[in-house]
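Engineer: Assemble the whole structure, with the sequences as input and the hints as a guide.
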Amino acid sequence: MARMKFLCDAERCIECNGCVTACKNENEVPWGVNRRRVVTINDGVVGAEKSISVACMHCSDAPCMAVCPVDCFYRTDEGVVLHDKDLCIGCGYCFYACPFGAPQFPQAGAFGLRGKMDKCTFCAGGPEKDLSKEEFTKYGSNRLAQGKLPACAEMCSTKALLGGDGDVVADIYRQRVFKRGKGSEVWGWGTAYGKPDQPKAAAGAKS
Amino acid sequence: MTATRRLLITGAALIFAFGLGACGERDQVTVYKQGKYQGKPDTKPWENDPAAAIYTTSKWDKGSKTGWESAVKTRNLAQNEYTRAE
Numbered sequence: 002m003a004r005m006k007f008l009c010d011a012e013r014c015i016e017c018n019g020c021v022t023a024c025k026n027e028n029e030v031p032w033g034v035n036r037r038r039v040v041t042i043n044d045g046v047v048g049a050e051k052s053i054s055v056a057c058m059h060c061s062d063a064p065c066m067a068v069c070p071v072d073c074f075y076r077t078d079e080g081v082v083l084h085d086k087d088l089c090i091g092c093g094y095c096f097y098a099c100p101f102g103a104p105q106f107p108q109a110g111a112f113g114l115r116g117k118m119d120k121c122t123f124c125a126g127g128p129e130k131d132l133s134k135e136e137f138t139k140y141g142s143n144r145l146a147q148g149k150l151p152a153c154a155e156m157c158s159t160k161a162l163l164g165g166d167g168d169v170v171a172d173i174y175r176q177r178v179f180k181r182g183k184g185s186e187v188w189g190w191g192t193a194y195g196k197p198d199q200p201k202a203a204a205g206a207k208s
Numbered sequence: 797m798t799a800t801r802r803l804l805i806t807g808a809a810l811i812f813a814f815g816l817g818a819c820g821e822r823d824q825v826t827v828y829k830q831g832k833y834q835g836k837p838d839t840k841p842w843e844n845d846p847a848a849a850i851y852t853t854s855k856w857d858k859g860s861k862t863g864w865e866s867a868v869k870t871r872n873l874a875q876n877e878y879t880r881a882e
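In the order they appear, the protein sequences are chains A and B.
Counting from 1 along the first sequence, just add 1 to a position and that's the residue number in our numbering.
Counting from 1 along the second sequence, just add 796 to a position and that's the residue number in our numbering.
Honestly, the hints are just simulated from the structure, not real lab data.
Each hint should be verified, as a subset may be incorrect.
[As the list claims (entries may be wrong)] With a straight-line Cα cutoff of 30 angstroms, these simulated DSSO-like cross-link-like pairs (lysine-lysine) come out:
#  : chain 1 : residue 1 : chain 2 : residue 2
1  : B       : 861       : A       : 130
2  : B       : 858       : A       : 130
3  : B       : 832       : A       : 117
4  : A       : 117       : B       : 836
5  : A       : 183       : B       : 855
6  : A       : 134       : A       : 86
7  : A       : 134       : B       : 829
8  : B       : 832       : A       : 139
9  : A       : 51        : A       : 183
10 : A       : 180       : A       : 25
11 : B       : 840       : A       : 25
12 : A       : 25        : B       : 829
[To be verified] Incomplete in silico selection of chain A near chain B, CB under 8 angstroms:
#  : residue
13 : 44
14 : 135
15 : 149
16 : 176
Because the structure is a prediction, the values reported are computed rather than measured.
Glycine residues also receive a C-beta, built at the ideal position from the N, C-alpha and C atoms.
Structural biologist: So this is what it looks like as structure tokens:
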């Protein structure tokens with residue numbers, strides 16, 4: 002198995018926030034914390050509005066992991082970035098380091114006191130006994146230990162949000178792009194280094 | 797050798813030594829060492845008994861990594877509605 006990854010198809014996301022709700026419900030995330038959220042650009046502009054669902058991207062070279070002063074992060078064999086809440090001191094360095102704003106901090110007391118960091122676990126729980134009450138209380142549901150995939154991706158009504166083995170997810174997305182005749186421009190050379198040689202969409206492609 | 801001359805030579809030697817001391821080339825960039833996880837160990841997902849989970853249809857033998865991967869892949873492929881529609 003390759004690495005577990007999320008992929009959000011901006012052509013399909015309808016900003017329903019079903020993934021956000023599924024995540025909140027599955028993991029009983031506390032008030033004020035959003036492990037996942039939907040970001041919309043060009044809101045209200047006809048034909049230009051795009052939405053994507055964003056959470057922890059479980060980076061292969063995670064900046065949060067690099068900056069953590071107490072080294073509470075670890076990466077599982079499946080490439081999921083998790084952390085030990087017993088070690089976390091709630092310093093917030095990971096929040097500054099993360100390009101996606103994934104780390105969240107619940108309010109732990111008066112005067113905005115910051116609690117221990119909370120983030121998307123790819124529904125893989127944390128370093129407690131699998132499927133135990135302690136694991137659920139600290140980290141939320143452990144769906145991977147049940148042979149399931151993250152609730153957000155499995156619940157997505159338009160299947161805009163794909164989650165799972167990176168190779169399988171890429172295959173599904175590739176097939177989708179071939180069928181609709183466009184969409185490959187969202188990644189690759191053109192996206193990373195400009196688009197001088199961007200191939201044109203196939204004739205008769207629909208939006 | 798007069799005392800003045802000796803003093804001058806000693807002074808010049810000291811200035812020379814301190815002056816060159818500043819010319820030493822040292823690394824200007826800090827090389828950060830990658831930290832090592834300090835927390836508790838975690839269990840692998842395939843080490844769980846699938847029967848321990850409620851409301852799941854995924855099946856694998858406890859401890860079988862390939863069995864777990866195959867169960868997860870089945871669910872993963874279910875996200876492709878093109879194959880479901882065919």
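Engineer: It remains to establish, for every hint, whether it holds in the given structure.
Structural biologist: Consistency of the hints with the structure:
A C-alpha spacing of about 18 angstroms is found between residue 861 of chain B and residue 130 of chain A, which places the hinted pair at or below 30 angstroms, so the restraint holds. Restraint check: the Cα-Cα separation between residue 858 of chain B and residue 130 of chain A comes to about 15 angstroms, which is no more than 30 angstroms; the hinted pair holds. For the hint linking residue 832 of chain B to residue 117 of chain A, the alpha-carbon distance of about 20 angstroms falls within 30 angstroms, and the restraint holds. Taken as a hint, the residue 117 of chain A and residue 836 of chain B pair is honoured in the structure, with Cα atoms around 16 angstroms apart against an allowance of 30 angstroms.
Using a Cα cut-off of 30 angstroms, the hinted pair residue 183 of chain A and residue 855 of chain B is violated, with the two alpha carbons roughly 37 angstroms apart. About 15 angstroms separates the Cα atoms of residue 134 of chain A and residue 86 of chain A, which keeps this hinted pair within 30 angstroms; it holds. Taking the CA atoms of residue 134 of chain A and residue 829 of chain B, the gap is near 36 angstroms; set against the 30 angstroms cutoff, the hint is violated. Straight-line distance between C-alpha atoms of residue 832 of chain B and residue 139 of chain A comes to about 22 angstroms, which keeps the hinted pair within the 30 angstroms bound.
For the proposed pair residue 51 of chain A and residue 183 of chain A, the alpha carbon gap of about 15 angstroms is at most 30 angstroms, so the pair holds. The straight-line distance between the Cα atoms of residue 180 of chain A and residue 25 of chain A is roughly 33 angstroms, outside the 30 angstroms bound, and the hint therefore fails. Distance hint between residue 840 of chain B and residue 25 of chain A is fulfilled; the C-alpha atoms sit about 24 angstroms from each other, no more than 30 angstroms. In summary, the hint linking residue 25 of chain A to residue 829 of chain B is not supported, as the alpha carbons are separated by about 36 angstroms, beyond the 30 angstroms threshold.
Interface restraint check for residue 44 of chain A: the shortest CB-CB distance to chain B comes to about 27 angstroms, outside 8 angstroms, so the restraint is violated. Restraint check, residue 135 of chain A versus chain B: the minimum CB separation of about 11 angstroms is more than 8 angstroms; hint violated. Interface restraint check: residue 149 of chain A against chain B, minimum CB-CB distance 6 angstroms, threshold 8 angstroms, status holds. With a least beta-carbon distance of about 6 angstroms to chain B, the hint placing residue 176 of chain A at the interface is held under the 8 angstroms criterion.
In this structure, the earlier hints numbered 5, 7, 10, 12, 13 and 14 are contradicted, and the remaining ones agree with it.
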